[in-house]
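Residue numbers (UniProt numbering), protein chains in the order written: chain H, 1 to 214; chain A, 1 to 214.
Because the hints were derived from the structure by calculation, they are not lab data.
This structure is a prediction, so every number in the text was calculated from the model and none was measured.
We put the beta carbon where it would ideally sit given N, CA and C, even for glycine.
Fair warning: there could be bad hints in the mix.
Claimed, not checked - Residues on chain A that point at chain H, a partial pick, calculated with CB under 8 Å: (1) M45; (2) R200; (3) F202.
Claimed, not checked - Output of the computed footprint for chain A on chain H, the stretches with three or more beta carbons under 8 Å from beta carbons of chain A: (4) 10-16; (5) 40-53; (6) 117-127; (7) 174-185.
2 protein chains.
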Amino acid sequence: MGLSPRQEKIAEMVRTLGPITGEQIAERLNVTRAALRPDLAILVMSGMVDARPKVGYFYTGKTASNLLTEQVSRLKVQDVQSVPVVVTAGTSAYDAVVTMFLEDVGSVFVVESGGILAGVVSRKDVLKVAMGGSDLHKLPVKVLMTPMPKIIVTSPDESVLTAAKKIIDNEVDSLPVVSLSSQGKTYEVIGRLTKTNIARLFVELGEGRGGELL
Amino acid sequence: MGLSPRQEKIAEMVRTLGPITGEQIAERLNVTRAALRPDLAILVMSGMVDARPKVGYFYTGKTASNLLTEQVSRLKVQDVQSVPVVVTAGTSAYDAVVTMFLEDVGSVFVVESGGILAGVVSRKDVLKVAMGGSDLHKLPVKVLMTPMPKIIVTSPDESVLTAAKKIIDNEVDSLPVVSLSSQGKTYEVIGRLTKTNIARLFVELGEGRGGELL
Chain H
1 MGLSPRQEKI
11 AEMVRTLGPI
21 TGEQIAERLN
31 VTRAALRPDL
41 AILVMSGMVD
51 ARPKVGYFYT
61 GKTASNLLTE
71 QVSRLKVQDV
81 QSVPVVVTAG
91 TSAYDAVVTM
101 FLEDVGSVFV
111 VESGGILAGV
121 VSRKDVLKVA
131 MGGSDLHKLP
141 VKVLMTPMPK
151 IIVTSPDESV
161 LTAAKKIIDN
171 EVDSLPVVSL
181 SSQGKTYEVI
191 GRLTKTNIAR
201 LFVELGEGRG
211 GELL
Chain A
1 MGLSPRQEKI
11 AEMVRTLGPI
21 TGEQIAERLN
31 VTRAALRPDL
41 AILVMSGMVD
51 ARPKVGYFYT
61 GKTASNLLTE
71 QVSRLKVQDV
81 QSVPVVVTAG
91 TSAYDAVVTM
101 FLEDVGSVFV
111 VESGGILAGV
121 VSRKDVLKVA
131 MGGSDLHKLP
141 VKVLMTPMPK
151 IIVTSPDESV
161 LTAAKKIIDN
171 EVDSLPVVSL
181 SSQGKTYEVI
191 GRLTKTNIAR
201 LFVELGEGRG
211 GELL
């Protein structure tokens with residue numbers, strides 16, 4: 001958001017001299033306290049400056065892009081996640097790929113009975129063994145999956161930002177969205193968070209269609 | 001940004017009755033014009049409401065998330081793009097996959113002499129023919145690539161938002177960043193924009209590290 005030159009001046013004053021009262025700011029600028037009121041209101045509204053009774057105005061260190069940070073950090077994984085696509089551990093690599101094509105996903109989650117997460121298989125994993133000349137029909141998917149506990153996971157109430165950071169930092173295309181099983185030692189797969197979800201969210205926020213989410 | 005109940009009320013009034021003068025708003029709220037000034041200033045600053053001399057206040061249709069829109073729409077593809085990974089049209093599918101693994105990319109661009117874009121090959125394309133039992137060594141990449149002019153492209157000065165929308169709408173993982181060749185009829189490949197670039201940008205903006213970009 002664009003500040004007027006006087007608002008910029010006041011923000012700078014609060015930053016260097018704060019806490020400072022409205023009267024002191026008015027004096028320094030040689031204007032009345034009343035004339036300052038709209039400017040101060042805007043600075044407080046923008047989040048850059050805050051006011052404390054009997055103390056005065058002080059600088060919060062926030063800028064316009066922090067506003068964005070605060071909005072984005074309110075979004076949870078469950079607000080943007082997709083349904084998970086799963087296969088069982090005994091499925092052949094071939095059938096896992098067929099599932100990938102049918103569902104048009106880049107990876108499938110391998111589960112044990114009860115939907116317990118056992119592994120993740122990506123197009124890249126299958127391509128690697130196909131290149132090696134293995135017969136995908138004879139190869140069970142568990143041989144090529146990334147197994148637990150190596151899998152990076154997320155949960156429905158984690159912030160999308162934290163989950164997106166996991167995707168980037170670990171160089172994966174998707175994360176299983178999990179909840180702790182009743183035994184508390186295994187994960188039940190309940191969703192899927194992908195780079196596509198993040199890119200779609202980016203577009204929605206950028207187009208101002210994130211209103212329902214934010 | 002949070003509006004006070006009175007500011008919400010004024011915004012709603014401007015939306016339904018605008019253009020409306022400050023005096024008219026003051027009358028309806030039964031307050032003085034001066035008392036309204038800070039609220040109106042905030043609404044104008046927020047971009048939700050605009051003022052035109054001799055006309056009054058009118059609603060712009062913008063919301064807090066539009067602020068984000070405006071910031072994001074300033075970002076260009078060239079600010080976030082990656083280097084392109086290319087192979088020539090005569091390369092075997094096998095060697096194209098080797099390049100994908102070495103460079104750790106999900107798709108490679110197929111070029112003719114002079115870096116002219118001829119096609120795109122993804123992991124998914126290769127996996128499809130590998131599943132069909134084709135010998136990847138004997139298959140030139142041009143047989144399985146998505147050829148021009150079917151390829152969706154972007155340019156360095158297109159907004160990241162528009163490019164991200166192309167990725168989502170066309171369900172692709174990446175876009176070649178191109179410039180028109182000197183003849184003006186073909187595209188020269190100069191970069192690569194992927195879902196990873198978008199997800200990384202999302203994280204940077206969300207962490208408030210987009211300052212240099214915005």
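Against the structure, the hints come out as follows:
no.	hint	in the structure
1	M45	holds, 5 Å
2	R200	holds, 5 Å
3	F202	holds, 5 Å
4	10-16	violated (count 0)
5	40-53	holds (count 5)
6	117-127	holds (count 4)
7	174-185	violated (count 0)
Consistency with the previously given hints fails for numbers 4, 7, ordered from lowest to highest.
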